[in-house]
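J.: Please arrange chains Z, P, V, E, D and A on chain U, whose structure you already have, making use of the hints.
Chains as they are written, first to last, in the numbering used here: chain U, 1 to 97; chain Z, 1 to 97; chain P, 1 to 97; chain V, 1 to 97; chain E, 1 to 97; chain D, 1 to 97; chain A, 1 to 97.
The hints are simulated quantities; they were obtained by calculation from the structure and are not laboratory data.
Accuracy of the hints is not assured; some may be wrong.
With a straight-line cut-off of 20 Å between C-alpha atoms, the simulated EDC-like cross-links for lysine to aspartate or glutamate are [unchecked claim]: (1) 81/Z to 18/Z; (2) 61/E to 3/U; (3) 77/D to 55/V; (4) 70/E to 3/E; (5) 41/D to 14/D; (6) 5/Z to 3/U; (7) 77/A to 90/D; (8) 41/V to 18/V; (9) 41/A to 3/E; (10) 77/Z to 90/U; (11) 81/Z to 18/U; (12) 77/U to 90/E; (13) 70/U to 75/Z; (14) 70/Z to 3/Z; (15) 5/E to 82/E; (16) 81/A to 18/D; (17) 81/U to 18/E.
Pair ranges (Cβ atoms, derived) [to be verified]: (18) 41/D to 54/Z: 37 to 43 Å; (19) 57/U to 71/Z: 26 to 32 Å; (20) 55/U to 41/P: 38 to 44 Å; (21) 63/P to 57/E: 48 to 54 Å; (22) 96/E to 97/D: 53 to 59 Å; (23) 41/P to 70/V: 31 to 37 Å; (24) 97/E to 47/A: 54 to 60 Å; (25) 62/U to 17/A: 51 to 57 Å.
All figures in this text were calculated on a predicted structure; none of them were measured in a lab.
Glycine residues also receive a C-beta, built at the ideal position from the N, C-alpha and C atoms.
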Amino acid sequence: MSEFKPLGDRVLVEPIEEAQQKSAGGIIIPDSAKEKPMQGKVIAVGPGGPTEDGEVTMQVKVGDVVLYGKYSGTEVKIDGKERLIMRQRDIYGTIVG
Amino acid sequence: MSEFKPLGDRVLVEPIEEAQQKSAGGIIIPDSAKEKPMQGKVIAVGPGGPTEDGEVTMQVKVGDVVLYGKYSGTEVKIDGKERLIMRQRDIYGTIVG
Amino acid sequence: MSEFKPLGDRVLVEPIEEAQQKSAGGIIIPDSAKEKPMQGKVIAVGPGGPTEDGEVTMQVKVGDVVLYGKYSGTEVKIDGKERLIMRQRDIYGTIVG
Amino acid sequence: MSEFKPLGDRVLVEPIEEAQQKSAGGIIIPDSAKEKPMQGKVIAVGPGGPTEDGEVTMQVKVGDVVLYGKYSGTEVKIDGKERLIMRQRDIYGTIVG
Amino acid sequence: MSEFKPLGDRVLVEPIEEAQQKSAGGIIIPDSAKEKPMQGKVIAVGPGGPTEDGEVTMQVKVGDVVLYGKYSGTEVKIDGKERLIMRQRDIYGTIVG
Amino acid sequence: MSEFKPLGDRVLVEPIEEAQQKSAGGIIIPDSAKEKPMQGKVIAVGPGGPTEDGEVTMQVKVGDVVLYGKYSGTEVKIDGKERLIMRQRDIYGTIVG
Amino acid sequence: MSEFKPLGDRVLVEPIEEAQQKSAGGIIIPDSAKEKPMQGKVIAVGPGGPTEDGEVTMQVKVGDVVLYGKYSGTEVKIDGKERLIMRQRDIYGTIVG
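Bound-form chain U, shown alone:
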């Protein structure tokens, strides 16, 4: 098994398919939304560090379900599974319950 450790304020996210989002999370994104947000699960979190916003401390942790913009992140496959590498500043927040 391979492991990916993000650098800086980056986060590795497993996207949640739309069908699963509706039944599970209780949060539905209207199709009419200007920049449609997506749901995903945090798999790995960087150490933080200096960015154009200053020194970043990480506010998400492994296991968090997060909401992020549709065009956020870079696609990558790890051990055959689709993942997204994105920056914490691109994550809107976490979903609980």
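T.: Just chains Z, P, V, E, D and A now, with coordinates in the frame of chain U:
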């Protein structure tokens, strides 16, 4: 019930419909306004953190009625209700009374 | 009566009509001015806070007569009266006497 | 008489007419200059404060004769006299003697 | 043998050929990826220092297998071998196992 | 005699004519240079202060012969002599001997 | 003999001709490289100071062989020899051995 916890300087806002705004708030936005402000109620508030403006401390709290720009925020539905995720810097101020 | 409390470095301003400006303030803006400044009275002042200029401390107070750029601020009506929400950095200065 | 108190790093300047500049100041601006500088006298000085350059301390004082770019500042008339509101960063320096 | 010592937050990277990536790393980049990431091995690391993000401390070390954007870095040949000089901010993270 | 005192990180420079540069300074600027540097002598130096680069301390002094970009500075005539007002960041360095 | 003392984070570099680079340095720049790096020898180093990246401390020293981008620096001739004035941030790193 699902809960959304905003990250950074983000705020979750429940938009107030225009009909309700006029009777309740006493604040009317003229239709001729260049960038028409909208009213909403704060549902959840992020922890603050580093942004392009430096370290942000939150100045709004849950329950505040806020005024914000018409094109601010990202639309999302939580448990079937319309919400907006926006940044505190996009909020003009709070309405009291 | 409703009250508006500005956030950050924002200020609520009551615009002074041009006819009143000439008789009262002693400051006349020539029509030929490139970006015609306007006069207004400060109604409410935000707490200051982090902006793209760094941490802002408020230099205007309620009651100040201020000069600002013609295209500054966002129009809003509070209890039927016209107001402008603008940032302190858009205010040129105060008029005394 | 009205008085204008500049905010932030702004300065109120009384422009000196070109005819007077040549006889008085000893500094002549060639007509061929790319961005022709102008002379003026400082009438009022702001308290300084945070700007996009960081915290500004004022280096000019009331009475200084200053040199500034031709397109600097905002025109205003105070008690019928032409004045310019400009930022200290737009002033090249002071003329002595 | 020549040695290259990067300045600032720069890193010297030996690109890993795509054929080797699939068998070794377990991380596959889909061809459909918007900005296809690449794999490489860190050969040398700069001391860090001031950048447009502030003071940078290095988070990668010699021997790390890293993921970076396809168009990152500057190509150079050292003792006949292809290398890339890139900045740490262009590296997404490290691959372990 | 008039004196010009630069503000902030500005420097008053007396340009050295090209004929004199070749015999005196030993530094020749090839005509093929992309942005041809020029030589000048420092006449007055500002106190430094906050700029978009942060707080600037002056590194040139009156009497220094400096090299600067061809399009740097603002032309001005003081007591009939041609001068340039430029910022220290536009000066490449000083020439000795 | 003339000497040039760079200001700020500038460095004076003596370019190494391509023929000499191949035999001496062991580092070859492929002609296909997107932005072909060049080799040079450091002749003089500025004191560092404030830049758009913050306060810069110098990491190169006189005698270092450096790699830099093809379009970096400003061309100048000192005592008949070709030199380049560039900023430390434009230097990729140093070559040893």
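J.: Indicate, hint by hint, whether the structure satisfies it.
T.: Going down the list of hints, with the structure as the test:
1. 81/Z to 18/Z: 16 Å, holds
2. 61/E to 3/U: 17 Å, holds
3. 77/D to 55/V: Violated - the C-alpha atoms of residue 55/V and residue 77/D are around 32 Å apart, more than 20 Å.
4. 70/E to 3/E: With Cα atoms ~25 Å apart, residue 70/E and residue 3/E exceed 20 Å; violated.
5. 41/D to 14/D: 5 Å, holds
6. 5/Z to 3/U: 28 Å, violated
7. 77/A to 90/D: Holds: residue 77/A and residue 90/D sit about 19 Å apart, inside 20 Å.
8. 41/V to 18/V: Measuring from Cα to Cα gives roughly 13 Å; hence the hint holds.
9. 41/A to 3/E: Since the Cα atoms of residue 41/A and residue 3/E sit roughly 16 Å apart, the hinted pair holds (cutoff 20 Å).
10. 77/Z to 90/U: 19 Å, holds
11. 81/Z to 18/U: 18 Å, holds
12. 77/U to 90/E: 19 Å, holds
13. 70/U to 75/Z: Measuring from Cα to Cα gives roughly 12 Å; hence the hint holds.
14. 70/Z to 3/Z: 25 Å, violated
15. 5/E to 82/E: Within the cut-off at roughly 16 Å; holds.
16. 81/A to 18/D: The given pair, whose Cα atoms are some 18 Å apart, holds under the 20 Å limit.
17. 81/U to 18/E: Holds, at about 18 Å.
18. 41/D to 54/Z: 37 to 43 Å: The hinted range 37 to 43 Å holds for residue 41/D and residue 54/Z, with Cβ atoms some 41 Å apart.
19. 57/U to 71/Z: 26 to 32 Å: 30 Å, holds
20. 55/U to 41/P: 38 to 44 Å: Taking Cβ atoms as reference, residue 55/U and residue 41/P lie about 41 Å apart, which means the hint holds.
21. 63/P to 57/E: 48 to 54 Å: With a Cβ separation near 50 Å, residue 63/P and residue 57/E satisfy 48 to 54 Å, so the hint holds.
22. 96/E to 97/D: 53 to 59 Å: This hint holds: roughly 57 Å between Cβ atoms.
23. 41/P to 70/V: 31 to 37 Å: Roughly 33 Å apart at Cβ, these two residues keep to the hinted range, so it holds.
24. 97/E to 47/A: 54 to 60 Å: 47 Å, violated
25. 62/U to 17/A: 51 to 57 Å: 54 Å, holds
The structure is inconsistent with the numbered hints 3, 4, 6, 14, 24, although it conforms to all the rest.
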